[in-house]
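For reference, the chains in residue letters:
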Amino acid sequence: AQSVTQLGSHVSVSEGALVLLGCNYSSSVPPYLFWYVQYPNQGLQLLLKYTSAATLVKGINGFEAEFKKSETSFHLTKPSAHMSDAAEYFCAVSDPFSGGYNKLIFGAGTRLAVHP
Amino acid sequence: KAGVTQTPRYLIKTRGQQVTLSCSPISGHRSVSWYQQTPGQGLQFLFEYFSETQRNKGNFPGRFSGRQFSNSRSEMNVSTLELGDSALYLCASSSNRDRGMVFGPGTRLTVL
Numbered sequence: 001a002q003s004v005t006q007l008g009s010h011v012s013v014s015e016g017a018l019v020l021l022g023c024n025y026s027s028s029v030p031p032y033l034f035w036y037v038q039y040p041n042q043g044l045q046l047l048l049k050y051t052s053a054a055t056l057v058k059g060i061n062g063f064e065a066e067f068k069k070s071e072t073s074f075h076l077t078k079p080s081a082h083m084s085d086a087a088e089y090f091c092a093v094s095d096p097f098s099g100g101y102n103k104l105i106f107g108a109g110t111r112l113a114v115h116p
Numbered sequence: 001k002a003g004v005t006q007t008p009r010y011l012i013k014t015r016g017q018q019v020t021l022s023c024s025p026i027s028g029h030r031s032v033s034w035y036q037q038t039p040g041q042g043l044q045f046l047f048e049y050f051s052e053t054q055r056n057k058g059n060f061p062g063r064f065s066g067r068q069f070s071n072s073r074s075e076m077n078v079s080t081l082e083l084g085d086s087a088l089y090l091c092a093s094s095s096n097r098d099r100g101m102v103f104g105p106g107t108r109l110t111v112l
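These protein sequence lines map, in sequence, to chains B and X. When you line the first sequence up against my numbering, it's residues 1 to 116, in that order. When you line the second sequence up against my numbering, it's residues 1 to 112, in that order.
The set of hints was computed from the structure by calculation and includes no laboratory data. Check the hints yourself; a few may be wrong.
[What the hints assert, rightly or not] Only some residues are given here: those of chain X computed to face chain B with a beta carbon under 7 Å:
hint	residue
1	22
2	33
3	39
4	40
5	43
6	52
7	60
8	61
9	84
10	90
11	94
12	101
13	103
14	105
[What the hints assert, rightly or not] Over 12 Å on every C-beta distance to chain B, these chain X residues come out as not near it, computed from the model:
hint	residue
15	9
16	14
17	80
By construction, the Cβ of each residue, glycine as well, lies at the ideal position given by its N, Cα and C atoms.
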């Protein structure tokens with residue numbers, strides 16, 4: 001069965017510092033991988049997705065993630081944190097061959113705090 | 001382009017009642033998926049509809065049901081509400097060509 005593990009439920013960084021949010025997945029087939037962000041009292045916004053094309057994926061708001069099959073990882077990074085990046089981030093996986101593209105398995109989420 | 005809309009945004013019900021939540025997808029999107037978000041269980045997949053047919057379902061009891069209309073709008077129904085059904089219910093739509101769902105703001109259901 002597929003699963004997603006996000007590394008750390010809370011991450012705190014200084015404004016301007018590197019953001020690194022960890023995500024490891026388990027899947028028996030090449031998965032589709034996603035990062036979503038959720039601001040308070042809002043739905044989820046897609047940051048980026050990996051769908052078996054380039055392993056380095058660039059998303060919105062300066063975020064990017066690299067798919068590393070050997071490490072079963074899909075970590076999210078941003079070179080310089082901004083106060084507006086404070087939110088909860090979710091990594092998700094889907095198996096296009098069995099569960100379908102839209103049946104996502106989500107990680108537990110990582111709450112990112114950005115301090116001045 | 002208008003986003004995914006969900007109505008109502010907030011709902012308070014009592015145990016044993018039933019509830020219907022509505023979702024209007026982005027124009028042109030034919031797939032609608034529903035997710036439940038709770039502090040304890042996180043985000044869990046409920047079901048997906050495509051062209052008025054349930055294409056996929058998660059591991060929820062039969063009290064949770066849904067449907068999709070010919071205009072792609074979708075509703076989900078929860079019967080015999082339990083306290084544990086209190087959650088944020090998120091609807092998401094997608095087109096078949098672009099892998100990546102667009103989520104609505106959610107309906108926050110409180111069961112007393």
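Status of each hint after checking the structure:
1. Interface hint at residue 22(X): violated, since its Cβ lies 15 Å from the closest Cβ of chain B, which is beyond the 7 Å cut-off.
2. Among the interface hints, the one on residue 33(X) holds; its C-beta lies about 5 Å from the nearest C-beta in chain B, closer than the 7 Å criterion.
3. The interface hint given for residue 39(X) is violated, since its Cβ lies 10 Å from the closest Cβ of chain B, which is over the 7 Å cut-off.
4. A cut of 7 Å between beta carbons decides the hint on residue 40(X): the least distance to chain B is about 10 Å, and the hint is violated.
5. At about 4 Å, the closest approach between the beta carbon of residue 43(X) and any beta carbon in chain B falls short of 7 Å, and the interface hint on this residue holds.
6. Nearest Cβ of chain B to the Cβ of residue 52(X): about 16 Å, over the 7 Å cut. The hint is violated.
7. The interface hint given for residue 60(X) is violated, since its Cβ lies 13 Å from the closest Cβ of chain B, which is over the 7 Å cut-off.
8. A least Cβ separation of about 18 Å between residue 61(X) and chain B goes past the 7 Å threshold, and the interface hint is therefore violated.
9. The interface hint given for residue 84(X) is broken, as the beta carbon of that residue sits about 18 Å from the closest beta carbon of chain B, more than 7 Å.
10. A distance limit of 7 Å between C-beta atoms decides the matter here; for residue 90(X) the minimum to chain B is near 6 Å, and the interface restraint holds.
11. With a least beta-carbon distance of about 6 Å to chain B, the hint placing residue 94(X) at the interface is held under the 7 Å criterion.
12. At its closest, the beta carbon of residue 101(X) sits 6 Å from a beta carbon of chain B; the interface hint therefore holds under the 7 Å criterion.
13. Look at residue 103(X): its Cβ gets to within about 4 Å of chain B, closer than 7 Å, so that hint holds up.
14. A least Cβ separation of about 5 Å between residue 105(X) and chain B falls short of the 7 Å threshold, and the interface hint therefore holds.
15. Annotated as non-interface, residue 9(X) brings its C-beta within 12 Å of a C-beta of chain B; the closest such distance is 9 Å.
16. The claim that residue 14(X) lies off the interface holds: its Cβ sits roughly 24 Å from the closest Cβ of chain B, which is beyond the 12 Å cut-off.
17. No beta-carbon of chain B comes within 12 Å of the beta-carbon of residue 80(X); the shortest separation is about 25 Å.
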